[in-house]
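With chain A's structure known, arrange chain B with the ligand on it following the hints.
From first to last, the protein sequence lines stand for chains A and B.
Mapping of the first sequence onto the numbering used here: residues 1 to 140, in sequence order.
Mapping of the second sequence onto the numbering used here: residues 1 to 366, in sequence order.
If you are wondering where the hints come from, they were derived from the structure by calculation, not from laboratory data.
Be aware that a few hints might be false.
[Unchecked claim] Quick list of the computed label-pair ranges, beta carbon to beta carbon:
#, chain 1, residue 1, chain 2, residue 2, range
1, B, T53, A, R17, 40 to 50 angstroms
2, B, A246, A, D114, 44 to 54 angstroms
3, B, L121, A, T81, 20 to 30 angstroms
4, B, R177, A, D109, 30 to 40 angstroms
5, A, D114, B, G258, 25 to 35 angstroms
6, B, A246, A, L56, 23 to 33 angstroms
7, A, D114, B, L209, 21 to 31 angstroms
8, B, L209, A, C36, 40 to 50 angstroms
9, B, H59, A, G35, 33 to 43 angstroms
10, A, C52, B, R87, 23 to 33 angstroms
11, B, L79, A, R96, 39 to 49 angstroms
12, A, P136, B, P287, 31 to 41 angstroms
13, A, C52, B, N365, 51 to 61 angstroms
[What the hints assert, rightly or not] Okay, the calculated bits of chain A under chain B, using three or more residues with CB under 8 angstroms as the criterion:
#, segment
14, 8-14
15, 81-89
By construction, the Cβ of each residue, glycine as well, lies at the ideal position given by its N, Cα and C atoms.
Residue strings, one per chain:
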Amino acid sequence: MTHKPQRPQPVPTAETRPFWEGAAEGALVLRRCQGCGRLAPPLAPRCPDCLCDTLLAERLSGRVMLKGRTRLHLQPLPGRTGPLTLVECAVFEDPRIVLIALDEQGVTDGALPDAILHLGFSPAEGDAHFAVVLPPEDRA
Amino acid sequence: MTVVIAGFGSSTLEKRSDRGIAAFALEAALAALADASIRRDEIDGYVGAPFATNAGSPHAEGGDEISLKTVAGLMGLRLTWGADLYRRYPTDMVASAAHALQAGTCRFVLGLRALYVAPGLDYATGTSGPVFGADQFTKPYGYTTAGARFAARAWAYMTRHGATRDDLFAIVDLSRRHAALNPQAIWRDKPLSLEDYSRGRMIAEPHGLFDCDLPICGAQAFLMCREKDLPQGATPARVTGFSGFARPEALWSMSGRGPADLKTAQLYDGFSSMVWEWLDGLGLTEPGGAPAFLRDGNGEYGARLPLNTAGGALGEGRLHGMGHLREAYLQASGRAGLRQQAMGPALVQVGPYDDSSFVLLEPVNV
Ligand SMILES: [Zn+2]
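For reference, chain A alone in the conformation it holds in the complex (with noise of 0.2 angstroms):
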């Protein structure tokens, strides 16, 4: 049996565990204070805003704006070849919260920072299904 090198493989906490179950099925899974509403980071056992620990997982729209892009010509990833464009998606929701995610069919090629995007998530590579920028005909 051959070990095949995969991305790094996460490993969810009670936080994060909505986050990848989501990604799982395809969707952007944010936990929202009960307290005030707002939504939770990924990794905040509490609302930054009013520290409740009431936090319920709930689906979003997957819409993402661009905050950041590059493309990475070093090769960090198993499997791959050629640049990586990694791009900085902030959660149309609540901005302050920011994803990374690949984008691997050049959607954002000639995007301007805040261009609306759409977040999917790849087929598993490994156990997790990693975040990545939808092309448009993959828009749910």
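Same frame as chain A, now just chain B with the ligand:
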């Protein structure tokens, strides 16, 4: 109670070395002691910030990091107080040493930061296997590789404000030219033409090879004390202000100074575009105005705000801000030699856009 930096020391800076990190650390520490005219046995305080930031670092004590325990053991220090500041910067080391001195906990604080390039590692790229905590949202995308996050931010800045790679080159060019007057700078004899710069391979767009500082083996160390304890023969620079990035105004309120008072600025430049952050962020330039400010020559020797006057990390080598602090000390104490600019408030900023700290050093009027 006034606190000063009483001396500074540096090891040699080398791209690779057969010597270990401890050899560099002790070379810098002993140079700092000699520079401040202080004996080893007088040292009763220590502050460090040992952290190897490369994605592929093994974080091995005495390997590519060195902490208080190892330094104290190898130097025979008998400390009243000492601390390593986890994932902090030389600017935070100054603030912590000042607190310990002002509290009367100790008299002479040694501050030390050493860096090392361990052989046989892929330093730039890093990891596979399980990833924990914040890494689970970054490492599976290569986001911690080669300053990708700074590159992504530079793209947004350049796109919003119309800056170009020529503006990045202006920073690298200034660093190389200023490094020419720094005898220990890695790039001291290596001016870089725009053609050379353009030929450098892309790393993470818009950053090419020469927009990235060079990892090196080296260490630098400072000695701090209360002004009234200054040893005979030492040349002081007064610590007049410090603050964290979230409250930069505290730097001005503590020091009674403002941006217009600055005579020199040492701004962290692990990647060239980082220099723009606090020119804009401290209000030295309008938002988006930093590239034009530099293009117009305001960062040159003798100009409005001489910048990274020893070459910064891009010219001297990657010392994670110790080189910036050392140069501010030399400028504020009038010891910068051929690089000496007008003496007065000397700003040091170390760290990234979302986690920096500042120190202001000033001449001691005698
Ligand atoms: Zn809340």
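Status of the hints after comparison with the structure:
1. T53/B - R17/A: 40 to 50 angstroms: Given range 40 to 50 angstroms: violated, Cβ gap about 29 angstroms.
2. A246/B - D114/A: 44 to 54 angstroms: Check failed, 24 angstroms falls outside 44 to 54 angstroms.
3. L121/B - T81/A: 20 to 30 angstroms: holds (22 angstroms)
4. R177/B - D109/A: 30 to 40 angstroms: holds (36 angstroms)
5. D114/A - G258/B: 25 to 35 angstroms: holds (33 angstroms)
6. A246/B - L56/A: 23 to 33 angstroms: holds (30 angstroms)
7. D114/A - L209/B: 21 to 31 angstroms: For L209/B against D114/A, whose Cβ atoms are near 30 angstroms apart, the range 21 to 31 angstroms holds.
8. L209/B - C36/A: 40 to 50 angstroms: Hint holds: Cβ distance 47 angstroms, inside 40 to 50 angstroms.
9. H59/B - G35/A: 33 to 43 angstroms: holds (38 angstroms)
10. C52/A - R87/B: 23 to 33 angstroms: Given about 29 angstroms between the Cβ atoms, the range holds.
11. L79/B - R96/A: 39 to 49 angstroms: For L79/B and R96/A the Cβ distance comes to about 42 angstroms; the hint holds.
12. P136/A - P287/B: 31 to 41 angstroms: For P136/A and P287/B the Cβ distance comes to about 33 angstroms; the hint holds.
13. C52/A - N365/B: 51 to 61 angstroms: holds (54 angstroms)
14. 8-14: The restraint on the segment 8-14 of chain A holds, since 5 of its residues have a Cβ under 8 angstroms from chain B and three suffice.
15. 81-89: holds (count 5)
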